[in-house]
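Protein chains: 2
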Amino acid sequence: MGVRSWLCGIQGRTFLSVKNNMKAFSTTLVVLLFGCSTGNKEQAPDRFDQLFSGKMKMIDLTHSLSADSPYWPGDAGNPFKYDTVAKQPSGAPSMGKYSTPEHFSTHIDAPIHFADHQLSVDQILPEQLVGPAVVIDVSAKCAANPDYLLTSADVTDWENVNGRMPEGAIVLMYTGWSKKWDDYPAYKNEDAQKKMHFPGFSAEVANFLTRERDIKGIGIDNFSVDAGAADGFPAHDITNGAGKFHLENVANVHELPALGAFLIVSPIKIKGGSGGQVRIFAVIPD
Amino acid sequence: MGVRSWLCGIQGRTFLSVKNNMKAFSTTLVVLLFGCSTGNKEQAPDRFDQLFSGKMKMIDLTHSLSADSPYWPGDAGNPFKYDTVAKQPSGAPSMGKYSTPEHFSTHIDAPIHFADHQLSVDQILPEQLVGPAVVIDVSAKCAANPDYLLTSADVTDWENVNGRMPEGAIVLMYTGWSKKWDDYPAYKNEDAQKKMHFPGFSAEVANFLTRERDIKGIGIDNFSVDAGAADGFPAHDITNGAGKFHLENVANVHELPALGAFLIVSPIKIKGGSGGQVRIFAVIPD
Numbered sequence: 012m013g014v015r016s017w018l019c020g021i022q023g024r025t026f027l028s029v030k031n032n033m034k035a036f037s038t039t040l041v042v043l044l045f046g047c048s049t050g051n052k053e054q055a056p057d058r059f060d061q062l063f064s065g066k067m068k069m070i071d072l073t074h075s076l077s078a079d080s081p082y083w084p085g086d087a088g089n090p091f092k093y094d095t096v097a098k099q100p101s102g103a104p105s106m107g108k109y110s111t112p113e114h115f116s117t118h119i120d121a122p123i124h125f126a127d128h129q130l131s132v133d134q135i136l137p138e139q140l141v142g143p144a145v146v147i148d149v150s151a152k153c154a155a156n157p158d159y160l161l162t163s164a165d166v167t168d169w170e171n172v173n174g175r176m177p178e179g180a181i182v183l184m185y186t187g188w189s190k191k192w193d194d195y196p197a198y199k200n201e202d203a204q205k206k207m208h209f210p211g212f213s214a215e216v217a218n219f220l221t222r223e224r225d226i227k228g229i230g231i232d233n234f235s236v237d238a239g240a241a242d243g244f245p246a247h248d249i250t251n252g253a254g255k256f257h258l259e260n261v262a263n264v265h266e267l268p269a270l271g272a273f274l275i276v277s278p279i280k281i282k283g284g285s286g287g288q289v290r291i292f293a294v295i296p297d
Numbered sequence: 012m013g014v015r016s017w018l019c020g021i022q023g024r025t026f027l028s029v030k031n032n033m034k035a036f037s038t039t040l041v042v043l044l045f046g047c048s049t050g051n052k053e054q055a056p057d058r059f060d061q062l063f064s065g066k067m068k069m070i071d072l073t074h075s076l077s078a079d080s081p082y083w084p085g086d087a088g089n090p091f092k093y094d095t096v097a098k099q100p101s102g103a104p105s106m107g108k109y110s111t112p113e114h115f116s117t118h119i120d121a122p123i124h125f126a127d128h129q130l131s132v133d134q135i136l137p138e139q140l141v142g143p144a145v146v147i148d149v150s151a152k153c154a155a156n157p158d159y160l161l162t163s164a165d166v167t168d169w170e171n172v173n174g175r176m177p178e179g180a181i182v183l184m185y186t187g188w189s190k191k192w193d194d195y196p197a198y199k200n201e202d203a204q205k206k207m208h209f210p211g212f213s214a215e216v217a218n219f220l221t222r223e224r225d226i227k228g229i230g231i232d233n234f235s236v237d238a239g240a241a242d243g244f245p246a247h248d249i250t251n252g253a254g255k256f257h258l259e260n261v262a263n264v265h266e267l268p269a270l271g272a273f274l275i276v277s278p279i280k281i282k283g284g285s286g287g288q289v290r291i292f293a294v295i296p297d
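Protein sequence lines correspond, in order, to chains A and B.
Residue numbering for the first sequence follows the numbering used here, beginning at 12 and increasing consecutively.
Residue numbering for the second sequence follows the numbering used here, beginning at 12 and increasing consecutively.
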């Protein structure tokens, strides 16, 4: 081999080596940039921007309040009353006043509702009122048995499909009852002894959720987190006792995915109140 | 020059060239990755995740409701009344009911309030109730003149500092009145003829905001978006007439930046209501 061909050999290996290095670098660069680009604002809109520009899908989990809304039978549950103070020419109210029980229609139970020395509704911090929704659909079981009680097995079944529930979850039990909202007799579902029959959380699952998981609160699409036929209010005692809130008469839960919605829970801020009407928005990123 | 030194020269230039290329590549890589890393979830937490994990700063712009809350003088403004239905051993209410005017304490005026055939409170879409806050602090002018009226010049002054207001803004006028909340006489500030004196939006700025800018609503930290001494309710007529909502008696506006906060406005959902109590949360990303 002459000097020239030996030299070309060196140059060739050198350039080959350089070329390979450059190729490796380029590949790394492309991979890294491609990885980064999935977080690029121009290519995938920021979820926060989407929410506050009004471009994210929002579902209102709140029933409208009216004198026709279903209410817990008895004096304490006496219904919402609206008085028109002034009207528009069309007859629509331009000013009104109203009276209502705190625990009426879509509402929150503050922890003080069933546990002394716990927080009243105005004391719950805003940061405790936002969180990921965990939606456990037991509507088929509830259709077969209106006294159905949610169990920890339902929760672990959910987790087997969706993974362990996120920290700070708001756990919504979907019973199918919200679809009966416009049919008061079906919604309260009283027997001959005027005992109501609708599903709820068992004491067992209330203990499981408050002890074994990190939750902010629980909710249900009927009158109460305790079943209508429950002896006392065992779930109320446990979850309010653990400082957690309840959402009751939640609407439109069937529109939520099992996992992936996020809730904004906004209670009326009654000083020292045991609960009150709540507006609940679910936001669902793409 | 011998073959060896000539060869070394070639190798040297080759390696120098390679080294420079690699350096340029590395620099490019670092710059690009550094640019990307600002959007990297691990290095800069996603604002949406921060919000819903409860890690984002939230400010409650809502006064607590009680019989002691300031109210619009006269029969229509008669105050909030709370009745305890059941108590905890400590004496705290475990169940209650209440009555209130819709337009009392921190509340929303639905467009129907001052404009027939506009939306009632339950009809305002959730997407219209979230948006960036534009906070115009005219508290110094209002301290000097309790009848001060916001002008479009105040808005353009704000824009000269903060840039053109974002689309879908909720424009909050900060008058300083919220700090008088616990002093009812100072809050209503009546003269000898019982006319109230507090600042508000001029008709001129109401026209400017609804015609020249893209807003979702306006708000103020006193009784009314119209000044206490206004002749009629010109701002109400214009903004409700344009289908925009008002937030009145907004709390804690002084805690917000001029730009950078985002609002979640959650009204009580009264069927056909002209307005109602509202919970307002401001979220402030880092």
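Hints in this document: simulated from the structure, not taken from any laboratory.
Fair warning: this is a prediction, and the values are worked out from it, not measured in the lab.
It is possible that some hints are incorrect.
You can't tell identical chains apart in this list, so a pair holds if it fits in one copy or across any two.
Think about it this way: if two alpha-carbon atoms lie no more than 30 Å apart in a straight line, the pair counts; the simulated DSSO-like pairs of lysine-lysine are [to be verified]:
hint	residue 1	residue 2
1	K206	K66
2	K205	K190
3	K92	K66
4	K152	K206
5	K190	K108
6	K66	K152
7	K152	K205
Hint check:
1. In this assembly of identical chains, K206 and K66 lie within 30 Å of each other by CA distance neither inside one copy nor across copies; the values are 45 Å within and 43 Å between.
2. Proximity of K205 to K190 under the C-alpha cut-off of 30 Å is restricted to the intra-copy arrangement: shortest distance 21 Å within a copy versus 52 Å between copies.
3. In this assembly of identical chains, K92 and K66 lie within 30 Å of each other by CA distance neither inside one copy nor across copies; the values are 35 Å within and 39 Å between.
4. Proximity of K152 and K206 under a CA criterion of 30 Å is satisfied intra-copy only: 20 Å inside one chain copy versus 63 Å between copies.
5. Within a single copy, K190 and K108 get their C-alpha atoms as close as 29 Å, and across copies as close as 27 Å, so both meet the 30 Å cut-off.
6. Neither within a single protomer nor between protomers do K66 and K152 lie at most 30 Å apart by alpha-carbon distance, with minima of 36 Å and 37 Å respectively.
7. For a Cα distance limit of 30 Å, the shortest separation of K152 from K205 inside one copy, 23 Å, qualifies, whereas the shortest one across copies, 63 Å, does not.
When each numbered hint is compared with the structure, violations occur for hints 1, 3 and 6.
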